[in-house]
Structure formats: structure tokens, C-alpha cells
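Residue strings, one per chain:
Number of protein chains: 2
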Amino acid sequence: MKIALAQLNYHIGNFESNTRKIIHTIQKAKEQGADLVVFAELAVCGYPPRDFLEFTEFIELCEGSVKQIAEACKGIACIVGTPTRNPRIEGKDLFNSACFIEEGKITAIVNKALLPTYDVFDEYRYFEPSREFSCIEFQGKKIALTICEDLWNINDNPLYIASPMDQLIKEGPDLMINIAASPFAYNHDDNRVKVLSDNSLKYKLPLLYVNQVGAQTEIVFDGGSFVFNDEGRMLDQLKYFEEDLRIYEFSEEKILDLEPVEYTPMPDIDQIHHGLILGIKDYFVKSGFSKAVLGLSGGIDSAIVCALAAEALGAENVMAVLMPSRFSTDHSVKDAMDLVNNLGCKHHVIAIKEAADAFEHMLEPAFKGLPFNIAEENIQARCRAIVVMAFSNKFGYILLNTSNKSECAVGYGTLYGDMAGAIAVLGDVYKTQVYQLANYINREREIIPQNSIVKPPSAELRPGQKDSDSLPDYDILDRLLYQYIELKKSSRDIIAQGFDEELVRKVIKMVNKAEFKRYQTPPILRVSPKAFGMGRRMPIVGKYLS
Amino acid sequence: MKIALAQLNYHIGNFESNTRKIIHTIQKAKEQGADLVVFAELAVCGYPPRDFLEFTEFIELCEGSVKQIAEACKGIACIVGTPTRNPRIEGKDLFNSACFIEEGKITAIVNKALLPTYDVFDEYRYFEPSREFSCIEFQGKKIALTICEDLWNINDNPLYIASPMDQLIKEGPDLMINIAASPFAYNHDDNRVKVLSDNSLKYKLPLLYVNQVGAQTEIVFDGGSFVFNDEGRMLDQLKYFEEDLRIYEFSEEKILDLEPVEYTPMPDIDQIHHGLILGIKDYFVKSGFSKAVLGLSGGIDSAIVCALAAEALGAENVMAVLMPSRFSTDHSVKDAMDLVNNLGCKHHVIAIKEAADAFEHMLEPAFKGLPFNIAEENIQARCRAIVVMAFSNKFGYILLNTSNKSECAVGYGTLYGDMAGAIAVLGDVYKTQVYQLANYINREREIIPQNSIVKPPSAELRPGQKDSDSLPDYDILDRLLYQYIELKKSSRDIIAQGFDEELVRKVIKMVNKAEFKRYQTPPILRVSPKAFGMGRRMPIVGKYLS
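Quick mapping for you: the protein sequence lines, in order, are chains A and B.
Using numbering that gives the first Met the number 0, the first residue of the first sequence is number 0, and each one after it goes up by one.
Using numbering that gives the first Met the number 0, the first residue of the second sequence is number 0, and each one after it goes up by one.
No lab work stands behind these hints: they were computed from the structure.
Glycine included, every Cβ here is placed at the ideal spot set by N, Cα and C.
Mixed in with the good hints there might be a few duds.
As the list claims (entries may be wrong) - Beta-carbon label-pair distances, calculated as ranges: (1) A:Thr55 x B:Asn186: 19 to 27 Å; (2) A:Ile88 x B:Glu500: 26 to 34 Å; (3) B:Asn154 x A:Val194: 38 to 46 Å.
Put together the whole structure using the sequences plus the hints.
Pasting the structure below:
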């Protein structure tokens, strides 16, 4: 039996495109001699479809797609992920299902039992967990088919009280197939390989695993589908961050013709770079735009975003706007111009003094000579947002936000100013990682100007301002933030690690007090196990450590 | 046995204040002769605590509060809601629990079985559902204690496959107690009374129900706790939108000394008015602010927000900023000034022409004489945001957003302009309801100027602009939006109701295309069964009906 793994890039709710792509792949797999082709979880509608699932019409469109896909399955079988309706009146109205299709007909439906409802996942919001398990017979073999999380209950503190494979194994299956929509984070692939390997080892079965690839707004899928033998050894792995289709021959309880390969994880920064490029590219492709605009300050964050955008969209599609204020240092415009020249992207220089002065003049009667403070600092940041948004409105450019994760965390940014944008490229990348990204981008030649890398970070909103006036060194800050954000450690535990107590309390307070700002920030491309946004849901007027 | 129902206003994560309030109420109930006092669901930490629940330290603080509360329970028992740890290694780490406390000790813990995970609710994100059920014995009586949703599985399409009361009834309980955190929506009280009445009728038991009161950012709790007899008849109801404490005597399977009362629901607009006032008030009180700022256009939306803020915070704490542009009509400033005079709030008049001209001048080289369009319109709206945010930054005022639900729905608003603010007061109130609110506010004397009510709505961002240039009449638009947003009807079903097909497709497309804007809007005070924000989660780059 020849089984094809189809690792594709879907688009949420774009039934026409998803169905066409799936049917095209069925034909391709058939031409290459496959007996069965396997698509990912919720392939017909894309993942995560969110509250679209609450619309009957949306479910009917899924059903329509499955019908078209079934008609294309002649002389080849397929497994495809789709929501299906729960026939029982009790419980949620839908299942997260895998349809097994042979000769134009759905011959079996497997429903997901373990529904991830944490971080970015909301599956129990929509789906009833399956309580019935049985293998699928195909060409004389028994397939234990599961959906993503169904294989993830295999650790010391399992999230669920049951494991589908513990039921399925009783039927003596010949192999496992798992279809997934398993989002990217720079540490996720290691976990995934470990968990899936543990499954093949525990159940002594070969395992074929198909993931999605591509970005859906903030969530990036990295692909990396793979095949394990019945001893937990990896036999092959599909491409990362690209579509791929491969065919494997299965017989006598074995994947034929393949020797175990060594799993060599990609370094974190390479992964983050690939994830961000795919994230930017798919945001534009899937929303039907092609051109980006951003404010270029001469600092490292906007330089990196500009370089990533040029790589993802083409330099000719990137408009950099340099907006010096009266506090900008001489090198700011020069550093920004060096980058523009290195990349070859378009640019404008628009000084904001005229607008900032106008506001200060207009506000004079109300502010009655009160001293310059954060109000005037923010006016400048917001004048810049008006300028870049005017470019966006006039020419249809999409504004890229350039805030990094360290700033987002402590609220070091101006709402409706530098926190504006359609998508935040670096919002899940700590400042210390931003520097690593700079070195990665410069790995072959200098793209990010050295001066942007080495100069002390500054918002340049008042004379001589430096980030270090208000914030601890990023080396310390980022390590502390990682403990609190990613690891969810208590202040007590963080202090016990040797961080200064006063600093820990101050930083956590800053993080918690900035919830109101983060609530209004653009979606953030997720590259870490805990990004701000839909995966981290905090009260705004709460009073915990704030 | 005398049972006190304590309907209190908690503050998420404010353990000191919540614990003090609970202990004070225990003492008060004891002084009034109560044997048992009942607090709401998750009373110790406030509802919804969200991802605070993922911090061990937060759970320890809950446990510390319960310990202090237990120590105060001498000569009186209490029921209090708190998260507790799941002793089993399998499943989620927490339960959503009710502790029964007698003589300084927790004598029983009841865990919630039905975990709402829809709309604004995320309970399965945190909690393991209970699978064990038993009544609590107290003073020779058996109490069937359940938590909120546990009683809500009583309809034609139940969300859950099991019902806790079906188990508990087997033990022959004498009464039901339900502790809740059941958020307000203008149609919710009717449902609640019906569902709880149906329970008391089905199980032939008296029912005491305690809800929270007060607002937690966008979610408002309306109180309205109540008591039913064993025939589903209401005997008493606590106050709406206020704290309350009442004591009931229970004996011989009856609530003594009370005759059935007629349940008379408050009209929708009265409820919405109360909900918004409480929402504004608690946002300020709980975030430690007292003064508000808003842009006053002379139109009805900002007039209503100004009037509500003056009522909630005191007119002396409201700063109205009038910001005419070169397209503002003469009556705009006059209508706004009439309102300011009617309310007696503070104001400034700051024309935005100077700043808008500055931007147009600065952008001239880049825009090269391209015609005036949405770019210049938005510059004006964004200049206004800069002005009011400068007031916010200079004086510590909180910016109130004045967008209504109709605008939010179709994206008729400027991001980082009139869509700015800390909290959106009318974001869940359709334009047609805004007019009803105006009449309600004017019920005794003219507060909202008649001219703001009768003139055609306009953003005044270009000469002679009217909302009706871009949008259908609000009467039609709002009815159409209600079908799509609140009722989640498919376009086909909406068209079948007689709406123009082209209009339906156009409006739904506008709604779906505006997701990227709504993602960045402030939290919206929720008064309807389906508000924009955390309760409505849609993909941004999806391609469904967009």
C-alpha cells in the first residue's frame, strides 16, 4: 500500500482555493501511484476557523467541499480533515473529524477526542469530544487514525483523562496515521518529534504524521510532517515552511525502503526567521495585498522588519518612511538610509516637526505652560502613525508594526503611535533575539547597518533619551520576562533564581499594567510558545501584581 | 435554618478587598441571625480571572483567602466560590469549586461539572469538569449545591451530555443552591429566570440563586439573585446592578413567610442604561482612575457617552473636547455646547485645522496632488485622537470611546482615530438603540440636545458628508446586523426574511472585512447576547463572505 502525505497551505474559509488544491493533489498522488493520500486536520476550511464554525452556512460549505473531494477520489482513497455535525442532540453540535473517503464515498469518520483548549486553542468552544474509537480497514490493513492532540496525552501531567490510542490499540492496528494542525513555535518541533516518537515506541507501530504549513494571520504552521518506524525512529521528514508531497510504501507492518535518519533540529533563530518570512508573506497573499509601509527610525527593530518585509514581499513592494523629529540624532536618518540603500526599497523622508508643533500650539491654552512630558513624547509617536497610515490609506499599503516583545511586555510604546499596524512582525521576538536576528540576516553580507546594531536603543522622543533610562538592560529584562511570560513562574520563584527582588516586582507590575495597551495592539506573528494576543488572555482591570 | 444570599461586587485579583468584603458580610449575616451565608462563583478572585489561573501564586492567594474566610466562619457556615486544585494527575490542574465552610473548616467541596466554553466564557481552558456528585448535609438538611452552568443544561439542544442535578436528585435533597457569575445582557435575565424556574419545577425543590454584581472591564454582572419555591414560582429577587444581602428562613422543605411574586422584567433600554453606568463606574473605580475625557462632536453618540459618563462619574470629572474641523457644520459646536451646558461638565474647544493642514503640507511631496480621499478624512479623525490622548497623558484622564455597534460592525470608523479609547461605552449598542437611550436619558428633562437627536448622522470628514451616503438606513442596517451578529443567521436565511439580496451580501462583506479594525478596538461594555470582542472570535485573513 502506497500512502501519500500532503502537506499543504490552506486559507481559512477559502473553500474554492482549498478544494481546488486538495483535488489537484489527489490527482497528483494518484498519478504517482498512491493508494491513499492524507491531508491535514480541518484541511477543507483551514485552521483555526474560529466562530465561522457557528454559522450553519459555513458548515454546509465544508460539506460541499468534502463532496467535491469525494468525487475526485476514484482509484485512490483519501483522509481529509473537516468539521462534521454531531448527530446526537446532547453535547456541542460539531465534531472535529477526519473523513476516510473511498471510491467517491465517505466510508468512515473519525472524531477528535482530545480537544486542545489552552493557549491559542479553543477547540472545546466548538467541538464535542469523541467517546467512540475504532480502526479503519483499508486494503486488508487496520489503520489507527487520530487527530493531532489525540496523541499528545503522553506525559507526566496529562491534560486529559483518556487516550484514544489506548482504545484503538485493542483492535490490533497495523499502523498509525495522525492528521494535525500543529502551530509553529521555535521550541515546538522538538516536542512534537519527541511526543510522536514516544507514541510509535509505546504502541510499537509505524506512524505517519501530516501537518499543515502556512500562516493564518498570527498563527504560523511550519509543516515538517514525518514518518516513524515501529521503534520510534524517524524515517523521513517533509519540508519545513513549504508545501510538500511524498509517497511511502507500507507493507508487512513496515515502511519499506527507508532507513532511520537523524533528527537535526533547526537552530531557533533560523526557525524564527523562516516563521516570520512565511507569516508576512501569507498575511499579504491571503488578505489580497502586496505592498507594505513602515516607519524606519534608524533603530534595529524597524531595520529588521524592513529587511524581513523586503525578503518576503520583494524590496520593490516595501515603502520605508523616515520621520525624524527635533530629537532625532543625526545618525538616525543616516542609519535608516544605509538600510534603504542596502535593500533597495522605496523611501520617503518626512519630518514630523511641523505637525508636532501644530499640536503643541493647539494645546497651549489647555496645557497652560505645563512642562514637556509623556504627553508631548506621545504626540510625536502618534504624528508618525498618522503619516504612515496616510500612506496606507492613500496607496493601499499595509502598515507593518515594528514593536518587539520586550517593549510589548512592559508597555514601552505609544498606543496609536508606534504600536499601530496591521500585523506586528517582531511582537513575539524579545529584543535580545532581535539582535540575533540581525546577525542572522547579516550572515552573508551587511544588510542591517552595523550602527543600528551597536548603538544604544532609544525612542528619541526627548533629548538624549535611552531605553536604559526606563528599563533594565535587555539581557536581564528578557531573561526575567521569559520566566514570567513563557514559563508563568511566580515572582517568588523568579526571585529565588537570583533576580533582584525589587526589579522582579517592578517588571511584573509593568507587564500587568500594560494589558490595556496590548489589548489594542495588532495581531502578533507567533514564534514562541507564549505570544501576546489570543494565546495569553489576561484581565484588564484586574489587580494582581499590578 | 436561615440562609443569607450575599450579592457582592468583586474585583479580579484584588484578594485583599474581596476577602475583606466577604468577611465583613459573614459578620453582618451572623449578626442578623443567619446560619449559612452564600457567596457567588469564584468570589474570592473575581470572575473571570482568565490566565491569572495559570499562575501557581494566584491559586495560593485564593487558598489564603479561603483560609481567612474559614477563620471568620464561627457560629455561621458559608459557601464561597474559589478555584481549587485537582488532586488527580490526569486532566486539567484546577476545579471551579464551591467550598462549604463550617466552624473554621472546609467540610465539603463541590466542583463544577458543566464548563461554559462559548461566547465570553473559556472555562474548559482552565478547569476539569467534575464527574462526582453528592449533596451536602447541614443542620439535618440535604443541600444540592451546584455552580452556575450546572443548572443550564435544561433545553431542547443541551450543550452537555450530563446534568449534575439528575445525579444529585437521587440523594433526595431538601433544597437547591446555585452560585453563579452570570453576566448581564439585556435579554439574559428572562432566560435566567426561566431556566432556574424550570429547574425548581423539574426537581420539585426550592432554589436559592446567588449572582455577582459589578463590572470587570467589559463584562457586567447585574445581580438580580433570587429565590424560587418548589413549584418554580419566584418568591423574592435581590436588587439589580447593586450589592445586596437578604436572609431567608428555610424549614419543612419550604422558604417561610414568602408568597410568590410576579417577575416583571425591566425594559431593555432601562437595563442597558443601568449596565452602561455600572460598566463605566467600575472601569474607573477598579482601575484607580476618576476622570474621563472624550471628543464631543455634536452628534448623538458622543453626546450619550458624555451624559452617561457624567452620571457615572460626576459631571465635574468629565472633560469634553470639542474639535471642529473645516468640514464641521455650524451646529456641531452649538449642539455640543448645549450638551456641555445641560450637564455642567468641563470642556475645551480645540480646532484641528492647524494640525490637519500641517500633515497635508508634510505629505504633499509624497502625495503629489492626488485628490482628497479617505486618507485626508482619516487624518482629521486621527488628529482628534492625538488631542484627546494628549489630555489623557497630560492629566491622567481616561479616554472614552464613543463608537456605536452599527459602526463597529461595518467598519465605519477610523482606526487610531475615533476608534481609540480605553473602554468603548456604546460599542455593543446599535445606532437605533442609541436613539432609544437618548429618549431614556431625556425622560425627565432635555439633557441630550434635541438637535443632536434629529439631525442626520454624519462623520463630517468631507463637505456635506452623511452616514447615509455609505450606509443603508440604520433601521434596516441594524435589523440586518442583528440577524447576522446576534442570531448568526446565514445570508440565505436573512435574504429569505425579505432583506434585499445585494444589500445583505454587501453588509456581511463589510462586517467580515472589518475584523482587522475590531481586533484593535478597546474593550466594549457588553450589554447584548453577542458583543464584539472576546465573545466573538473571527479569523482576520479568512476569506468567508468577504
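Quick rundown of the hints versus the structure:
no.	hint	verdict
1	A:Thr55 x B:Asn186: 19 to 27 Å	21 Å, holds
2	A:Ile88 x B:Glu500: 26 to 34 Å	33 Å, holds
3	B:Asn154 x A:Val194: 38 to 46 Å	39 Å, holds
Going through the hint list in order, the structure satisfies each hint without exception.
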